[in-house]
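Respectively, the protein sequence lines represent chains A and B. At position 222 of the first sequence the residue is numbered 222 (full-length UniProt numbering), and the sequence of numbers has no breaks. At position 44 of the second sequence the residue is numbered 44 (full-length UniProt numbering), and the sequence of numbers has no breaks.
In short, the hints are calculated from the structure, not lab data. Every residue, glycine too, gets a C-beta built ideally from N, C-alpha and C. Careful: at least some of the hints might be erroneous.
What the hints assert, rightly or not - Which bits of chain B does chain A cover? Going by a derived footprint, with three or more residues having C-beta under 8 Å, they are:
hint, region
1, 19-31
2, 146-156
3, 208-220
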Amino acid sequence: MFKWLHPLAKPETLYHFCGKLSPWLMAAALFTLLLGNIWGLGFTPTDYQQGDSYRIIHIHVPSAIMSMGAYMAMAIAAFTALVWQIKTAQWAVLAIAPIGAVYTAIALLTGMAWGEPMWGAWWVWDARLTSQLILLFLYFGVMALHGAFSDRQTGAKVASLLAVIGTINLPIIHFSVEWWNTLHQGATITKFAKPSIDPSMLWPLLMSLLAFKLVMLWLTCVRLRTAILENEQHRPWVKQLVGKV
Amino acid sequence: MVSYGVFLQRELRLLARQKSDWLNPVLFFIIVLTLFPIGVGPEPNMLRIMAPGIVWIAALLSVLLAAERLFKDDYRNGVIEQLVAARHALQPFVLAKISANWLSTGLPLVLLSPLVALLFNLELPALQAMALTLLLGTPVLSLLSVLGAAITVSADKGGILLALLILPLYIPLLIFASAAIEAASMGLAYQGQLAILLAIVLFALALVPMAVCSALKINVS
């Protein structure tokens, strides 16, 4: 697999590879997104307890899962960048970070909108909410750190280092926050967390999850292409490419 | 090869000559503590309940205040660059920085804890717990703030950025330290929380110097 992956470390190859990939990803992402959301928001049965308001689950849960999935992807890219000194992996870190941050923000905002009618409060200092908020701060940290250096190369490297540090810390933060919450109050919220869900609601949810994952991949490809062009603008192949257009 | 002892001596001599570097964070700690009762009201019982959180947040902020300048001078006058260029091992230098930072900002907070207990009407068990958590927790504060300083050393706007990066990493520490003090003030056992704090110290001590060295190398390359 490494032999197959290795040529992709070269910016030019990766640029064309992402270019080939992104229209397919776009089509698949838009298709599954429309299908999953229309199915989930329009055609699933109403919940006996929460009524129609539970339908926000089809946006809330996929974005929450992908906010962590994006962090994982970013951390793997960062680790690759630091260990094998691959520049394109650093750009991948910076390409993924804002996407992950937006997913985290979507998860938080939809969660708040869902929490208001269900728990009667926009915000509860629950373990899950708190660790999601901290995840958002970690994303902001990576993005802000990259922006703070006048030397792009150093900024990208340092941001990768921070992403790796954050990955080591994330489980510690997560479990300590969980411990902190359970110390103070009983599990009033966790019983909502994983109700055994009916298949008629589960399938559109899985479809939305797939859609959110594909959207992330697609946007990463697009952002990575832009980053490659930006960083390699003085190279002959980019000049040739731009000259053609 | 210059050893740890020589680096530590140098750091301490620098601190002795620039007293504001370690005096200001300590004064800041006391001022923040003073602001809380003014902000939330002087009710003694409420202050006693809030004391663990207040003390720890003040400690986090004051250590953070000292962090920004940690590597700035050595970066500007080229010490770090020379060390990297000479292929000198960075670990002794980094460990000396961490030790000096703890001695100058962490230790004073531990020594001030009786005064804090007086200000917030804490009883003896809570005071003991607070001193112990500060003793175990401030090294982690130093480790993480040195890490933050190393990451941002060549950044244009270091100060606020440093806070944004490092404060989320302090959260586990804050949780366990304030839980220990709270348990102690209710007369419960708090050895478990202290053990976790000790585990965090050892874990950070094992990994942070490595990360600091690579951050410094990235910043001067």
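Quick rundown of the hints versus the structure:
| no. | hint | in the structure |
| --- | --- | --- |
| 1 | 19-31 | violated (count 0) |
| 2 | 146-156 | holds (count 6) |
| 3 | 208-220 | holds (count 5) |
Hint 1 from the list above is the single one not met by this structure.
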